[in-house]
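So the sequence lines, in the order shown, correspond to chains A and B. Quick note: to get our numbering, add 17 to the position in the first sequence (first position is 1). Quick note: to get our numbering, add 143 to the position in the second sequence (first position is 1).
Hint data in this document are derived by calculation from the structure and do not stem from the laboratory. Using N, Cα and C, we set each Cβ at its ideal position, and we do this for glycine too. Check each hint, because a few of them may be wrong.
To be verified - Now the stretches of chain A that chain B is said to cover, found in silico as 3 or more residues with beta-carbon under 8 angstroms:
#1 30 to 37
#2 77 to 86
Stated by the list, open to error - Chain B is nowhere near these chain A residues, computed Cβ spacing over 10 angstroms in every case:
#3 Arg48
#4 Val49
#5 Ala62
#6 Val65
#7 Lys70
#8 Ile90
#9 Arg97
#10 Pro115
#11 Leu125
#12 Ala126
#13 Ala131
#14 Met135
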Amino acid sequence: MSLSPIPVLDEGALQRLRDLDPAGKNQLLERVLRAFENSVVRLGAQLVDAREKNDMQSVRHAVHTLKSSSASIGALRLSRLCAEIEAAVRQEALAGLPGLLDDVDRELAVVLQAVQPMRSAG
Amino acid sequence: MTPRNQPFSEDLPERPKVLLVDDDEVNLLLTSVALEDQGFSVTTATGGEQAIATLVDFLPDIVVLDAVMPGLDGFQTCRELRVLPGFESLPVLMLTGLDDDASITRAYEAGATDFFVKSTQWSLLSGRLRYLLRASRTRVELERSKSRLARAQDLARMGSFDWKKGQGGPVFSIEGLRVFGVGPDHPLNFRKLLRMVPEEERNAFIELTHNAMERSTVLATDIHARLADGRQRIVHLEAEPEFNEHGNLIGYTGIVQDVTDRRLAEDRIRHLANFDTLTGLPNRRQLIWRAERALEHGRRLNHQVALLLIDLDRFKVINDTLGHGAGDELLVEVARRLRSCVRHSDQVLESSLETVGVRSHRTLEAVGRLGGDEFVALLPEVADERDAERVAERILEAMRLPIIIGMQECFVTASVGIAIFPRDGANVADLLRNSDVAMYSVKSAGRNSSAVYRQSLSGQGREKLELESALHKAIERDELVLYYQPKIDVRGARMVGAEALMRWRRQGVLVPPGDFIPLAEETGLITPLSEWAIREAARQARIWQDNFGFADSIAVNLPSRMFERTDLVEYIHTAVTTYGVPHHAIELEITETGLMKDLQNVIPALHRLNEIGVEISIDDFGTGYSSLAYLTTLPISELKIDRSFVRDLGMTPQSSAVVTAIIALARSLGLRVIAEGVENLRQMEVLHRLGCGIMQGFLFSKPQPPEDIEDWLEQTVLPRKAPWIGRAGSADVTEPPRVTRARPLRIKPVA
């Protein structure tokens, strides 16, 4: 899987988040990003654990949740990777799974890196 | 984005409470912020377990569940939630993935109200929630109104049904099933329904429904149904046809209602309207109805009908001596015996007989009670008058055995008058009248027999009948009047009282008392007549008191039976109080014969009357056989020498001997003595000489209307113009033993 030249975080999605709190009074963006980081920490650990135990259901749950979380903050590439893994597990097409999971690991790091400055800025 | 706190339509809560369940914290946060922004109040849970725990003490208006969650997922959560009390119909929205058809199906199976594809367009979610809330509100209201309807139908023991053409039979609502005593799990088809209907009614019911459907007319009928538990109910069924847009009948929709209680009440009312409450026999109304139907049949089928009027002999005597309670008991027993004399049918007959068949007039046969002690037997078909006479004989025979009333044997006989249709009358009224004439002929021939009407009977009997009927109405028509004859103290030449005498002004003609008082006594009308006389005399006493200071008594004649009435004293008291005159304004006259006949029964009343100041005068004294021993103890005040002795005064020595004896007796007992029927001066003088100073008679004044009495006082007595005035006082005769009108002259009541 090669990374396309699109940005790590989709600007449109971010704008929608800002629209929910136009004046920034609720520091919504910061809260959402923090929630995302917490999720990633939790789900990342879950993924590692599930891979070791070869627990496909647990993998599926983790990527399912991660899929929608990342979509929410505009991490579309990450979301799409999660959707592929979810579909693969569901269809029991397990051959490409390790590669996909590695891709997720990588993309997760990228997204977190992109999120961090925005959070402290927010 | 839409503005914050967008107001919801009026039918939704101000801020609907949402329970939002998602393990994706990012989505949870974003969705809740978006919904809060849209006017919802959001509570969040990050998993199914937490959601269920939250619901223990939190009732949201709507629940949004993420379908896929670790642990208790959305489907399981929905299932668990649905079994919690109060959450059966709470709207639940399931969030699913875009391409997840399986989840959608599972969502519905789990009891979700709807599903929603997760998206980052949160405002779409709020729109869907609002829609769901409104739908749910509508549904709740519908449920509520449905249950209200069910409750109302339940109270009315009513239910509904639909009968779609081609579907075999009616489909009942739960309430409809309940009417037939069937639970909701045992649908009632037409065959089962028919099985509840009594066999003999089944075909008629099938035919009725069949006809209604064929003609697309309204179906309305009552059916008898025996429920599974054995109860017999009457169910009213009413249905209207339903048509499709082409005007073709597609079925019926209607109601069933348990009308058993109502029908029973209606039956009871019908029974009360048609049957005599005392004896249970058909009453006058029902009898006349039956008789009219019987005549119709007779006319059409050309046969004779007989009407037997049965009147008990001397029932009044029984009623008066044993009391009304005993009289009623006797009537009940008589009714029972009379029933057995005919093929009596108790059926309430009101509607047309046409449907019942040609011989149905037989069911009209009955004995009914016209009122009082009068009964009628209706024989709807007789071959000849012998048929009717045979029934009459049976009736007389049935009376032969004594009737035991309160340990006492009563022998009752009856007089039966027979009239035959069409010979003796073309309508019920004529037949009744002529049977009455025939009955009267039996009475006058000595009672306890029967007679068929003959034209020759009609003259005398009818006259009497008409007289009786007219006398009944005399009081209410104000046809009765009292005439007054003064009682005169001849020495003082003044009026010391008056005797009230009843007259009947019938259609402008004055009926002499001899023509109606015996009839009144015979029929019992004497009681209301006497009561009226007491009231009227009290009223007159008041008028005279006002007009010329009248302070004496008006004597009213009462038959002895009136003295047996326990309320006589009360009645007099009420009468005098009403007109504001003292009790002694009324004096009562009872004949010597009447008094002696009923002495034991009359004495208590005499004492009570005396106690309140009402004096008693013994009328026609000397004609009866008074026990002198009794006379000494009776609380009486006056003896009236019978007119026969007065008439013969100076003509036969015996009469003056009797008069002398009576006067002596009165003196020794301390009673007033008065002579009536004094017509000439000679009689007056003799009486006066013998010691009787108070008199009454044509010599002084005939009985007159009260106004004429006033004129007479003014024009004759006060100016002392009459020939009798002065004679007694001035005549140089032996000073009479004065019997003064020393009022109050009262005998002390016997303790």
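To see whether the hints hold, each was checked on the structure:
no., hint, result
1, 30 to 37, "holds (count 5)"
2, 77 to 86, "holds (count 5)"
3, Arg48, "6 angstroms, violated"
4, Val49, "6 angstroms, violated"
5, Ala62, "13 angstroms, holds"
6, Val65, "16 angstroms, holds"
7, Lys70, "15 angstroms, holds"
8, Ile90, "6 angstroms, violated"
9, Arg97, "13 angstroms, holds"
10, Pro115, "22 angstroms, holds"
11, Leu125, "14 angstroms, holds"
12, Ala126, "18 angstroms, holds"
13, Ala131, "15 angstroms, holds"
14, Met135, "14 angstroms, holds"
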